[in-house]
Structure formats: C-alpha cells, structure tokens
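A.B. asks: For reference, the chains in residue letters:
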Amino acid sequence: DGGITQSPKYLFRKEGQNVTLSCEQNLNHDAMYWYRQDPGQGLRLIYYSQIVNDFQKGDIAEGYSVSREKKESFPLTVTSAQKNPTAFYLCASIGDSSAEAFFGQGTRLTVV
Amino acid sequence: GEDVEQSLFLSVREGDSSVINCTYTDSSSTYLYWYKQEPGAGLQLLTYIFSNMDMKQDQRLTVLLNKKDKHLSLRIADTQTGDSAIYFCADVSGGSYIPTFGRGTSLIVHP
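Protein chains in written order, with my numbering: chain Z, 1 to 112; chain F, 1 to 111.
Derived by calculation from the structure, the hints in this document are not laboratory data.
Among the hints, erroneous ones may be present.
Residues from chain F that keep clear of chain Z, each with C-beta distances beyond 12 Å, as calculated [unchecked claim]:
| hint | residue |
| --- | --- |
| 1 | LEU10 |
| 2 | ARG13 |
| 3 | SER17 |
| 4 | THR25 |
| 5 | SER27 |
| 6 | ASN52 |
| 7 | ASP54 |
| 8 | GLN80 |
| 9 | THR81 |
| 10 | ASP83 |
| 11 | ILE86 |
| 12 | ARG103 |
| 13 | HIS110 |
| 14 | PRO111 |
Stretch by stretch, here's where chain F covers chain Z in the computed footprint (C-beta under 8 Å, at least three residues) [said to hold, decoys possible]:
| hint | region |
| --- | --- |
| 15 | 40-48 |
| 16 | 89-95 |
| 17 | 102-112 |
Backbone N, C-alpha and C fix where the C-beta goes; we use that ideal spot for every residue, glycine too.
Using the sequences and the accompanying hints, generate a full structural model.
C.D. replies: Following this line, the structure appears as structure tokens:
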C-alpha cells in the first residue's frame, strides 16, 4: 500500500543534542512538507521541498534543517539551536492531481 | 501571510448535527480541505471541495463554500461518539501547493 511512514513514533532528546526524524513516502509525490504541531496552535510549516535537491524555509525554520537527496525521503534534523523542540512533528506529501496532502502518523519529540 | 481561522471547540450531543466553520483569507485558494485528527495520530483527509463549487455531499458529510465571504463549513449529520476528534480546515493556492491549516476545532460528542 502507498503511504507516508514517519519514524520513530516517539523520540527523546537530551538538551544540546541534534536528532533526525525520518519521513519516507512511496506515493511518487514531488512535494514534501514538515509541520510542527503544538496544542492550540494548529500546524506550522517548518520546511518544504517541491523537487529533489531543492527545499525552502517555512514559517518556523530556525533551529531545523532538512535534505532532499531522494524523491522518497525528506528527513528533518532538529538541532540544538531549536530552543523549544518538544512537539508533535508531522510529515506530508502532495501529488500533482488534486493537491491532497497525505500525512504520516507523526513523531512525538520530547526533550529530557 | 494568508490565514485560516476556526473556532477551537464544539460540543454536541450524540445524534445531533455538528457544524464546524472556517474562514480563509487567500482569494486565490483553489482547493479547500477538511482533515480529521484522532489523538496521537496524523491527519486523515475527510473531504475536499474545489473553489468553483458551492456544495459537496459525501454520506454524513456536507461541505458548504461561500467564496464571496471566504467561508467554509463542514456539517456532520447524526454525529457519533467516534466522530470526536480535532478537525482541521486547510486551503491550497493554485500556484504554491503549500497547504495552510487552521488551528483545528476539537469536536466533543456527548452520549
């Protein structure tokens, strides 16, 4: 079955560490997105990529980095520069036909 | 930037209809979506409507779009306890393909 897979589901990070969240899709979608979800704030766009080897900052890119070396993969690194990283992170991809966004099941990151 | 607004909470009794409202500011929105999120999960597409449509019905779901007022609503008929979740409104502009989401409306269904 086609879809988006995020891993891990839960992630714990010590202060000062970088961590990488995985997002893989087998939908053959060109565009991929990372959102951060905090209670009462909805989804805020961190980074997006509309084609391989290219990506753009979203509204809250500071303290995050991404890469897009393969069409299927769009990993997100939460760096030590991100001051408040505890949140639920969602990855999405969009196909060309309907602009429907398909979502992964999310990664909950907690700083300990 | 462009904005999507929703009320944060809605409480209904089981069997009643629920109406969740959304307003958006982007006049070039071409697709408007409703997503459902259950606790600890990703977002699941419920339904969508193209900007040249006024209404779309899909089983218990009815979407109404007032393009002049930039107002979108989702009506759930015969609401069940399993409908309790957060519902997100989203729009996508024709050129950018970047979805913009509202804050989500928490629907609570009482038995």
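A.B. asks: Test the statement that F/THR81 is away from the interface with chain Z: the closest C-beta pair must be farther apart than 12 Å.
C.D. replies: holds, 22 Å
A.B. asks: Just checking, F/GLN80 versus chain Z, shortest CB gap more than 12 Å?
C.D. replies: holds, 23 Å
A.B. asks: Are all beta-carbon distances from F/THR25 to chain Z longer than 12 Å?
C.D. replies: Holds, because the least Cβ-Cβ distance between F/THR25 and chain Z comes to about 15 Å, which exceeds 12 Å.
A.B. asks: Measuring Cβ to Cβ, find out whether F/PRO111 lies farther than 12 Å from everything in chain Z.
C.D. replies: F/PRO111 clear of chain Z: closest Cβ-Cβ about 25 Å, beyond 12 Å.
A.B. asks: Does F/ARG103 sit more than 12 Å from chain Z, CB to CB?
C.D. replies: violated, 4 Å
A.B. asks: Should the label of F/SER17 as a non-interface residue stand, given a Cβ cut-off of 12 Å to chain Z?
C.D. replies: Correct as stated: the minimum Cβ-Cβ distance to chain Z is 24 Å, above 12 Å.
A.B. asks: Measuring Cβ to Cβ, find out whether F/ASP54 lies farther than 12 Å from everything in chain Z.
C.D. replies: The assertion about F/ASP54 holds, with a minimum of 19 Å to chain Z.
A.B. asks: Are there at least three residues in the region 89-95 of chain Z whose beta carbon sits under 8 Å from a beta carbon of chain F?
C.D. replies: Held - the region 89-95 of chain Z has 3 residues with a Cβ nearer than 8 Å to chain F, which meets the minimum of three.
A.B. asks: Find the nearest Cβ of chain Z to the Cβ of F/ASN52 and say whether that gap is larger than 12 Å.
C.D. replies: Non-interface label on F/ASN52 holds, nearest chain Z Cβ at 14 Å vs cutoff 12 Å.
A.B. asks: Three residues minimum, CB to CB under 8 Å: does the region 102-112 of chain Z make the cut for coverage by chain F? Let me know.
C.D. replies: As far as the region 102-112 of chain Z goes, the hint holds, because 6 residues have Cβ atoms under 8 Å from chain F.
A.B. asks: Please confirm whether F/HIS110 is truly not at the interface, meaning its C-beta sits more than 12 Å away from all C-beta atoms of chain Z.
C.D. replies: holds, 22 Å
A.B. asks: Please confirm whether F/SER27 is truly not at the interface, meaning its C-beta sits more than 12 Å away from all C-beta atoms of chain Z.
C.D. replies: It holds; F/SER27 is separated from chain Z by about 17 Å at its closest Cβ, greater than 12 Å.
Hint compliance for this structure: hints 11, 12 are broken, all remaining hints hold.
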